[in-house]
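Q: Residue strings, one per chain:
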Amino acid sequence: MPHPGLELRNLSFDFGPWSLRASLTAEPGHVTAVLGASGAGKSTLLALAAGFERPDAGQVRVHGETVTNLPPARRPVATLFQEHNLFAHLTAFQNVALGLDPGLRLTEDQRRCATAALSRVGLDGKESRLPRALSGGERQRVAIARTLVMRRPVLLLDEPFAALGPSLRRNMLDLVDGFRRDQGMTVVMVTHDPADARRIAESAAFMHDGRILSSGPTAELLDNPRIPELADYLGVPHTP
Amino acid sequence: MMVGHRTRLWPGLAALAASPGLAILAIATLLAASPGMGPAGPGSGFDSYIWRVLGFTLVQAGLSTILSLAFALPLTRALARRPVFPGRSLMVKLFGLPLVLPVIVAVFGITAVWGHNGAISNALEAMGLPGLSPLYGLSGILIAHTFFNMPLGVRLLLPVWDSIPGETWRLAGQLGMNSWQIFRLIEFPRLMAAVPGVAMLIFLLCFSSFTVVLVLGGGPRATTLEVAIWQALRLDFDIDRAVALALLQVSACLIAGILFYRLSRTPISAPTEERQVVRPDAASRFGLLADIVWLTAGFLWVMAPLVAITVSGLAGPVADVLGRANIWAAAGRSAAVGVSAGFLALIIGLMLATTARDLAVRSRRSRLADWLEIAGSQTLIVSPVVLGAGLFLLLFPRVPVFDWALPLAALVNGLVTLPYVLRLVGPVLRRTAEHHDRLCAGIGLSGISRFRIVEWPALRRPAATAMALASALATGDLTAIVLFGLDPDTTLALLLYSALGSYRMDQAAVIALLLVATCLSVFIVIEGLGRAASRIGTS
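Residue numbers (my numbering), protein chains in the order written: chain H, 9 to 248; chain G, 276 to 814.
Everything labelled a hint here was simulated from the structure, so no lab data went into it. These numbers come from a predicted model, not from an experiment. Idealized CB from N, CA, C, for every residue including glycine. You may find that some hints are simply not true.
[Claimed, not checked] Partial selection, computed: residues in chain G whose CB lies under 8 Å from chain H:
#1 Pro440
#2 Glu442
#3 Thr443
#4 Arg445
#5 Gly451
#6 Met452
#7 Gln456
#8 Leu460
#9 Pro464
#10 Ala557
#11 Ser559
So here's chain H without its partners, still in its complex pose:
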């Protein structure tokens, strides 16, 4: 069964004096981490992949198909943001159901599907709660449930768990990793914490000032930082 992967080819994006020049290949069915300090361009890279921003040059490919000129809704890509993933005035169930129909006109099958997704993320019985009546972790679980019903083969994580405590964050990463395995999703996660990358990402890339300076298997990249910027970022001595 062919699994789609994500390929960013020679992307070029200028925003004032700041520029991004990057290529990245995410293995199908795997988790790829993008590491770097804030301002390195990690979130912009994901925005380009999702179609929220248009690159000045370069290509975005999903499963070999070029999607560079498609609007976000027609790309086989789902995104989890750090915050504002949910509509504050809609219930948990409605927020999930938006992934099935953006106008909330649901068939009986779709209703069952949304309820089942909430159950899979451990939110049985909380279908009619509003986001403000949910904890931070529960809110992100609702957002995960929505990405599940959207059935998009590529999932982009823009630090959705950064505001959670360490143990809850590990639980959430494991939850996403489990779904990745079940559904064969390709996951690209942005993080500034190397521990997140080590936990679920087979490979990783290090971004600095709009450029990907180094990439490879996560453990190798992080254990022997070959470039000074990465060593500085990790706070370890530079291994030449």
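Based on the hints, put chain G in the right spot on chain H.
A: For chain G alone, kept in the frame of chain H given last:
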């Protein structure tokens, strides 16, 4: 309480004696003179005339609110949907102008566009079509109120869209929402939270509208409570009726004010990104066309009267009007009333804001501090006409009120513009206390020297801006002076009013432009003093 800092109550209490103290005194005077207390027995002032006036006041305020919002909502949506286009920020600034333009001047501009002999009517006749009918009565009032309040609505509603986080638009894009779904699921819920408060404010402003109705309202059919109070007091000298009308006005505004306070809410969440996120429905061709239509209509609606004021002023008998000595004397008196009112507002505002700051930051009584500032901003409830009517009744038996017209106009305007000062100066004072109280206590900086070194440098600019704004508004005010003044030569606003009343439109045009120039000069000079003072301070 924070160590080393006392909460000073006396400035705030002294300021409260002025506002709302004088307003309360005015209402007490009205109550004491009220029909129920008089020899004619209870309720004698309340006849069918009063109820008819109340009915018209409600109808025009309701229709003005509906029209202003019906125009402002799609226009604001268009502005929000097009975050980048040439002239956008200029357009938002343009929409702030009607709020500071003297009302009587704006009314002149509107008649010059929409009136019987206005630009549109003349253009229609030139094409062989029937011209517009005279602008008096309900339709004129509605056009004028929409001129003032549509832009106000836009400026108050734009933050509702600005508060929608970028992630929401990205999510909407990823989920494939269309324009209707975006409206239903993203915009409508937020508007439901914000629109009632904005609607109530516009209703309140139109309910208490005086100058517009004085000039454009015609006879008893198109009179509001405010204008009826003035007529009863100054034309008919029917005290019973004036008192009954004023009490009705205050009660109605109190109810509307409480509703406004209950309904107004600040937007829920702030945007998380500086970068502009493109809405997924911005690309549709129909949407683009609709937005262009709304933006153009809004621009023309506000711009046309402003252009008319400038063009007809310059084309009028400039040399003739400016050659008259009484014009310049009136301009001087207008500026004097304006500057005195601005100074008064600044002093009272600073005193009130100091105590409110002490209570909020040092005594941790922020609710009390908020109430103090609300009490100082009561002029939405006790309108300038009611305040003036109360003072008039209080002073009339004791002093020659008409000789005191200028100081009384300055006093009423000082109290009316107090909210602007509080809005601009209050936050700065609170910030200096939050940032510097500990340091000042540590190095023993207090009293006057602390004010000179810590507060004044931060306050100079906002204080000058606040005084400049209050002074400019008071310079162009007609309400207070028409209540106390006898001689039509007293101020430029009165001169303009009498020129409009006798259909000397060419002269009115020149006076209107001169009044705008006077207000602008007052504003620029006072604001410039603040700038100069802060440059000397930093060099």
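Q: A separate judgement is required for each hint: does it hold in the structure or not?
A: Quick rundown of the hints versus the structure:
The beta carbon of Pro440 (chain G) comes within 4 Å of a beta carbon in chain H, closer than 8 Å, and the hint placing it at the interface holds. With its C-beta approaching chain H no nearer than about 4 Å, Glu442 (chain G) sits inside the 8 Å limit, and its interface hint holds. About 6 Å separates the beta-carbon of Thr443 (chain G) from the nearest beta-carbon of chain H, less than 8 Å, and the hint is met. Interface restraint check for Arg445 (chain G): the shortest CB-CB distance to chain H comes to about 5 Å, inside 8 Å, so the restraint holds.
Taking 8 Å as the C-beta contact cut-off toward chain H, the hint placing Gly451 (chain G) at the interface holds, the least distance being around 3 Å. Using the Cβ-Cβ criterion of 8 Å, the hint placing Met452 (chain G) at the interface with chain H is satisfied: the shortest such distance is roughly 4 Å. Interface restraint check for Gln456 (chain G): the shortest CB-CB distance to chain H comes to about 5 Å, inside 8 Å, so the restraint holds. Interface restraint check for Leu460 (chain G): the shortest CB-CB distance to chain H comes to about 6 Å, inside 8 Å, so the restraint holds.
Nearest Cβ of chain H to the Cβ of Pro464 (chain G): about 4 Å, under the 8 Å cut. The hint holds. For Ala557 (chain G), the suggested interface contact is broken, since its CB lies about 11 Å from the closest CB of chain H, more than 8 Å. At its closest, the beta carbon of Ser559 (chain G) sits 11 Å from a beta carbon of chain H; the interface hint therefore is violated under the 8 Å criterion.
Violated hints, listed in ascending order, are 10, 11; each of the other numbered hints is respected by the structure.
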